[in-house]
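> Chains as they are written, first to last, in our numbering: chain A, 1 to 276; chain B, 277 to 574.
A hint or two may mislead.
[As the list claims (entries may be wrong)] Part of the chain A face toward chain B, derived, beta carbon under 10 Å:
1. Thr65
2. Trp69
3. Phe73
4. Gly147
[Claimed, not checked] Where chain B lies over chain A, by a calculated footprint (3+ residues, C-beta under 8 Å):
5. 16–23
6. 29–39
7. 104–114
8. 159–168
9. 196–206
10. 236–244
[Stated by the list, open to error] Which stretches of chain A does chain B cover? Using the computed rule of at least three CB atoms under 8 Å from a CB of chain B, they are:
11. 120–131
12. 135–144
13. 210–221
14. 258–267
These are computed hints drawn from the structure, not numbers from a lab. A virtual CB, placed ideally from N, CA and C, is assigned to each residue, including glycine.
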Amino acid sequence: MTRTRKGELVLRYVLLLAVLALTVGPFLWQLSTSLKGPTEDIYSSPPSFFPRHPTLHNYERVSDTIPVWDYAFNSLKVATANVVTNCVGSALAGYALARLRYRGRRAATLAFVLAMLVPVEGIIIAQFTTMRELGLNNTLVGVVLPGCIGAMNVLLMRNAFLNLPYEIEEAAYVDGANVWQRFLRIAVPSVRGTLAVVAIFAFMGAWDDFLWPLIVLSDPSRFTLTIGLNYLHGTFAGDERLVAAGTVIAVAPLIALFACLQRYFFRGVGEGAVKG
Amino acid sequence: MAAVSRARRVRRQLPLSPWLFAAPGLLIIGVFILYPFVSTLVNAFTDKRTLIPGEFVGLANFRELLHDDMFWIGLRNSTLYVLGVVPALVILPLLLALLVQKNIPGITFFRSAFYTPVVASIVVVGLIWVWLLDERGLINSLLEAVGVGRVGFLSDQWLLLLSAMAVTVWKGLGYYMIIYLAALANVPRELHEAAAVDGAGAIRRFVTVTVPAVRSTMALVGALSSVAAFKVFSEVYLMAGPSGGPAGEDTTLVMLVQRTGTGLTGRVGYASAISVVVFVVTVALMLLVLRADRRGEA
């Protein structure tokens with residue numbers, strides 16, 4: 001009995017390590033390629049997994065080739081704006097849907113549900129036309145606006161507020177607190193967990209987004225990192241070390257964020273899936 | 277009595293503030309989601325172009341679709357994508373969830389590591405695999421080292437599509453694994469123990485206990501992944517290039533929407549007609565998967 005248990009455990013770890021190599025290995029290979037100098041053969045067979053003389057030379061070359069730090073700053077601006085607008089906007093709207101009584105509440109809820117079901121990929125051309133009519137194409141504001149208050153985030157916040165016991169807010173009301181005071185002092189502090197999930201997915205969504213910025217941005221000086229990388233790949237496809245360094249710059253901040261805030265990432269998947 | 281008058285007082289106290297709370301959200305989804313959705317439906321029946329308003333042309337766009345080879349290529353590839361990706365994304369993450377479910381030392385590290393591809397941008401993931409699958413890349417080096425010889429993953433039309441599917445599955449594994457982990461936590465242990473006592477082996481228990489218990493989650497994963505797969509854009513765009521691989525044979529429907537509708541000469545009306553096809557198939561896929569689930573339960 002104990003022997004089969006032990007055997008099973010060994011088998012488990014072997015499988016875990018195999019999957020680990022498959023999921024994390026490609027990132028490490030990219031990192032390794034980005035650290036290999038110009039004289040080192042990156043095409044050798046059998047491959048050499050570790051750079052013989054690790055160098056940051058390729059990272060310097062990326063910033064000589066494209067304004068990669070400007071692009072990173074643009075991505076940071078877009079992602080930060082997306083976090084702020086999504087947290088504020090979806091907390092406000094979620095509270096209105098969950099707690100406030102008014103004519104038209106059901107219609108408002110339905111509008112958010114419908115908006116959540118619309119496949120974004122199908123409306124990008126119309127979104128682009130709208131953006132052009134507003135004179136906001138080719139701007140970072142234009143990149144942020146369509147997703148700046150996500151319908152799913154609003155519905156997530158609504159559910160979080162609905163799960164709070166009503167009595168606390170009622171007590172505050174009896175004590176003379178008005179609606180803004182109840183919202184800011186009682187309701188919002190109680191849903192911090194969900195708000196953190198909204199914030200993290202808003203950051204990741206904006207930082208990683210590709211299709212929409214690709215359509216709305218045309219001026220290379222305003223690119224975000226993902227569009228800049230696509231441009232780098234399209235123009236310097238043969239230079240693998242350069243592209244590798246670029247991808248490492250783009251992915252490192254998010255992996256760091258994920259390492260620090262894992263449990264919110266996992267919670268977000270659970271909460272999002274139930275709604276999806 | 278007291279409660280009624282209190283509720284009334286609440287209502288009297290705030291005539292406008294509910295709308296102030298909801299207004300920013302409603303404005304954004306109204307202007308940037310619902311309005312573009314309706315205008316896509318309307319534009320599909322016009323010959324609108326990027327700089328020309330266009331006129332109502334009835335079903336002309338849809339009639340043109342029937343004779344457009346590129347449209348059929350896009351529909352074929354997006355459909356193949358669903359057929360190739362969905363079974364893998366329904367089954368593999370479930371097996372992975374079973375692998376990381378048991379709390380053995382170091383398991384939280386493995387769970388997080390398996391989730392890393394989800395966190396990375398699709399552009400990063402696409403470019404990593406373009407390099408891995410390159411004619412002179414790591415995978416071909418390994419294949420050559422073991423004597424198989426080099427394979428043109430990114431130059432053959434079908435291998436390209438297959439490689440893109442593999443990348444989609446690779447990136448999605450961790451995401452659906454987490455969904456399955458939550459579902460598996462709700463499967464009562466006693467069921468497994470009872471089956472084990474009855475002499476059922478691991479595979480037998482998987483089929484008779486685990487699968488029925490997570491059936492509705494499998495339907496959910498099926499619905500989510502099939503909708504996402506049909507709308508595939510980035511993976512194929514990055515791996516096959518903007519023009520969709522050799523002779524455009526790897527173009528997907530959303531790539532076609534992007535290519536047709538953008539630029540100064542973009543045919544907005546025609547691209548909208550393709551978008552309408554995307555809407556219809558997406559809704560149909562969702563209903564199909566969820567209905568299959570309901571029938572499975574009955």
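> Now look at each hint and say whether the structure bears it out.
Against the structure, the hints come out as follows:
Taken as an interface hint, threonine 65 of chain A does not check out: its beta carbon lies about 15 Å from the nearest beta carbon of chain B, beyond 10 Å. Checking tryptophan 69 of chain A against chain B by beta carbon gives a least distance of about 17 Å; that is not within 10 Å, so the hint is violated. The beta carbon of phenylalanine 73 of chain A is not positioned within 10 Å of any beta carbon in chain B (closest approach about 16 Å), and the interface hint is therefore violated. The restraint placing glycine 147 of chain A at the interface with chain B holds, with a minimum CB-CB distance near 8 Å, inside the 10 Å limit.
Counting residues of the segment 16–23 of chain A whose CB lies closer than 8 Å to any CB of chain B gives 5, which reaches the minimum of 3, so the coverage claim holds. Check on the segment 29–39 of chain A: 3 of its residues sit with their Cβ under 8 Å from a Cβ of chain B, so the three-residue criterion for coverage holds. With 5 residues carrying a beta carbon less than 8 Å from a beta carbon of chain B, the segment 104–114 of chain A meets the three-residue requirement, and the given coverage holds. Figure legend: the segment 159–168 of chain A, annotated as covered by chain B; annotation inconsistent (0 residues with Cβ-Cβ distances under 8 Å, at least 3 required).
For a cut-off of 8 Å, the count of residues in the segment 196–206 of chain A with a CB near a CB of chain B stands at 1, and the three-residue condition is violated. Coverage of the segment 236–244 of chain A by chain B holds [criterion: at least 3 residues with CB-CB distance below 8 Å; count 3]. Look at the segment 120–131 of chain A against chain B: 11 of its residues bring a Cβ nearer than 8 Å to a Cβ of that chain, three or more, so the hint holds. Counting residues of the segment 135–144 of chain A whose beta-carbon sits less than 8 Å from any beta-carbon of chain B gives 0, not enough to reach three: the coverage restraint is violated.
Requiring three or more residues with a Cβ within less than 8 Å of a Cβ of chain B, the coverage given for the segment 210–221 of chain A holds, as 4 such residues are present. For the segment 258–267 of chain A, the assignment as covered by chain B holds, since 5 residues bring a beta-carbon within under 8 Å of that chain's beta-carbons and 3 suffice.
The structure shown violates the earlier hints numbered 1, 2, 3, 8, 9, 12.
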